[in-house]
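Chemist: One-letter residues, chain by chain:
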Amino acid sequence: MMRRTAEFLMLPPNTKVLLMGNEAIARGLIEANVKVVTGYPGTPSSEVIMSLAPLSSKLGIYVEWAINEKVAFDIALGAAFAGIKSFVSMKSPGINVASDTIFSAAYSGVNGGLVFLVADDPGPHTTQTEQDSRWYASAIKIPMIEPSDPQEAKDFTVIGYEISEELSLPIMLRTTTRVNHTVSEVILGEVERRDIKPEFRYEPLRYVRASMKWNLNRHKWLNKQLSKLENINEKYNLTKIEGDGEYCVITSGVSYNYVIEALDKLKARNKVKVIKLGITYPLPAKCILDNVMDCKKILIVEELDPYLELNIRSILHKNRLNIEVLGKDESGIPLEGELSPDIVLKAIGKLLDIKIPVNYINKVGELSLPDRPPTLCPGCPHRGTYLALLRAIKELGYRKEEVPIIGDIGCYALSLYPPLEAIWVEHAMGSSIGIALGLKISNYDKPVVATIGDSTFYHGGIPALIEAFNKNINILVIILDNLSIAMTGHQSTPESMKTESGRNVRPVWIEDIIKGIGIDKIAVIDPYNIPKATEVFKAFLKEKGVKVVIARRECAIQARRKGIIYQPPIIDYDICKGCLVCVKTIGCPALISVDNKPKILDDICYGCNICVYACPFNAIKALEAIKNDR
Amino acid sequence: MIDEFNIIITGVGGQGGLTLSRIIAYAALIEGYNVRIGETLGMSQRFGTVQIHVRFGTKVRSPLIPIGQAHVLIGLEPLEAVRVVKYLNKQSIIIVNTGIIPSILNIIGKEHYPDLKTLKSILKNHCKRLIMIDALSEAKKLKLITGIGVLLLGAYAVQSENPIRVKSYKDAIKCIVPRKVEENIKLFERGMEIARSYNIYT
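Line order of the protein sequences matches chains A and B.
Residue numbers for the first sequence follow the numbering used here, so the first one is 1 and each next one is one higher.
Residue numbers for the second sequence follow the numbering used here, so the first one is 1001 and each next one is one higher.
Just so you know, these hints were derived from the structure itself, not from any lab.
Note that the Cβ used here is the ideal one computed from N, Cα and C, for glycine as well.
Careful: at least some of the hints might be erroneous.
Unchecked claim - Which residues of chain A face chain B? A partial, calculated answer using Cβ under 10 Å:
id, residue
1, K16
2, L18
3, T126
4, V183
5, D264
6, L339
7, V344
8, P370
9, C377
10, Y417
11, P419
12, K584
13, G587
So here's chain A without its partners, still in its complex pose (with noise of 0.2 Å):
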């Protein structure tokens, strides 16, 4: 984070400012006078609170990382029930996790304004699928808008607050990696400075999903509310038309500026007609109708699904519109992937026949060059726990190949890479350890082991955890807690003592929490010390029912920042073989071997003093013992 983005959001109205489209939706939230803010970190959508919640006390925000997603959404809708603004942020998997809640809201409506952020991630980036969350948008039948840079990231939140109030429903604010994470000049708005008090009143006809005639009414009357849209979408000018001609490209979000650069570059401009949608459930038909109406041709621009495409033919289809739609299966614009300014201009050159400009096509193809995975960081307590995990696997007895490892989500996820390559799955938050179970239900006769990060834990395995106890069933649950939310950026944790906003809360201690379900046989282990990790890992895997080991030991990075280092070991080179054992099983960013011995990069050397227990030999040598307090 930028030294000054706190400053920024802070600049009166009027001021351009350098803001990233995370940044411009927490101006927009400030704008908005939003009291309730909260929401699960995830990447590309995390900076909204992270550069909101320093700002927390200033402002009188309730800003503050939830559990998971639902529980942040139940949250927010409590506070909007109350007439109190309220925002929730998540990436695409996050709808997944609240959408339980998000479907009853709908029926329910709210009184305060009530915005969540869902940011899709095609590419993808940094997300296990490239799930298309537009459709939940319609599944669940809530209004979707969706803004195509920074700017209109801070001016759609503003907006989404009226609308929101005006038709009294949750509004869903959905986003890509390139307007979350796209930087630009950004002008602020004024900021709304009004008092609410809550309130809330007893209406269960509303509020209370238990009768079913209750359920059915609140069905019609959410539809009447959805049907008000088309006026919405004119009151607040959210399709956005520009030039003219017998051609039509129909695009939203961050696709939008690929196809203007592309109509600029191919001087197409006074052509082609754009109708670039704002709101995009439900899909303003009147609008488009009108507009395309006199088109002979009409390309539709858009990442992931065919979305817009399906909904679009079946408007024109049901006005017996008889106009040609390139669409994903004629304009050649991908299912998967992100899309590019590249791709855009081919396929706005394909809906105007004409041939791309030579300087704009790819002539060096693709090079064959090493590839450059993420990898655990010099440090990381990770990659202690894995070594010393398969050290166990493999001094037991067992081959690496018959003892599966189910992961998590977070960064020991990275463990999959080589050297290590421990973890077998990896799915969604909290599955590795009903994962785990399902295969030893189904009598795997070999052991099992779950890992998963503390966060993850909080979030989506506790339930898991019960459900093995109460069923009795024989796994190895690792959860490896390195005290943060480390791979989003480091936040606060159910473990903190203090948030982001500078609230002091009551940490809940994972071990209470396994000594409450029941269970015990339980460990903490210092990752960095191997022999004793390696010892309990072994106890453990004889053992039946369920196990669990508390891998403990502050992620490095966050250490490093509070000044918390230890001295590189050094090696011994008289001792030193020069068989580089060390280098090849540890996969340590610090340790590289240069004329076939190994070396310590001590400006990146964490200390650890892992690599220690990698020498068969005893040449590399400690300098320091490391204290761990927590």
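Once you have looked at the hints, place chain B on chain A.
Modeler: For chain B alone, coordinates are given in the frame of chain A:
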């Protein structure tokens, strides 16, 4: 005013590419341009590849540079610089740090890090001018290993094609860099000095 100016920054997580992109964008903003930064970070903090597209000009809308349209490549690491040559053309200028960072696959011997000479010849084929600087050694002299970006920026700032004033770059450094502002300015000036006396035929 320029219609479109594109700078691609590449490197490895932790080398300061993000800060460098903010400095350039802020300098362009000071000069009155609209700017866009598009980041391809992945899990960059964990020693992965980082590619950042910085664009400014009156017609700039997209956060990504079209293929073949980058005016400048600032490479914080040579292999990462080669990875983006498809964005360059025969008029591009490349400023690249010579200090290599082996990937974890290179370290454990699964893949071979290409020869620096090979990388240099690929880069040379994709530009008008290539400037290679041992920026890390210079940065180490000032005890600021995260400063290689500003040093390379300084080297670009004295090229005749640079559209932004030196003062705007310096003001942007003062505004964006969180710590050691003076040292960063010194590194920027050191970059200018090195580039002025650089022999492109070496």
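Chemist: Among the hints numbered above, which are violated by the structure, and what are their numbers in rising order?
Modeler: Every hint satisfied by this model.
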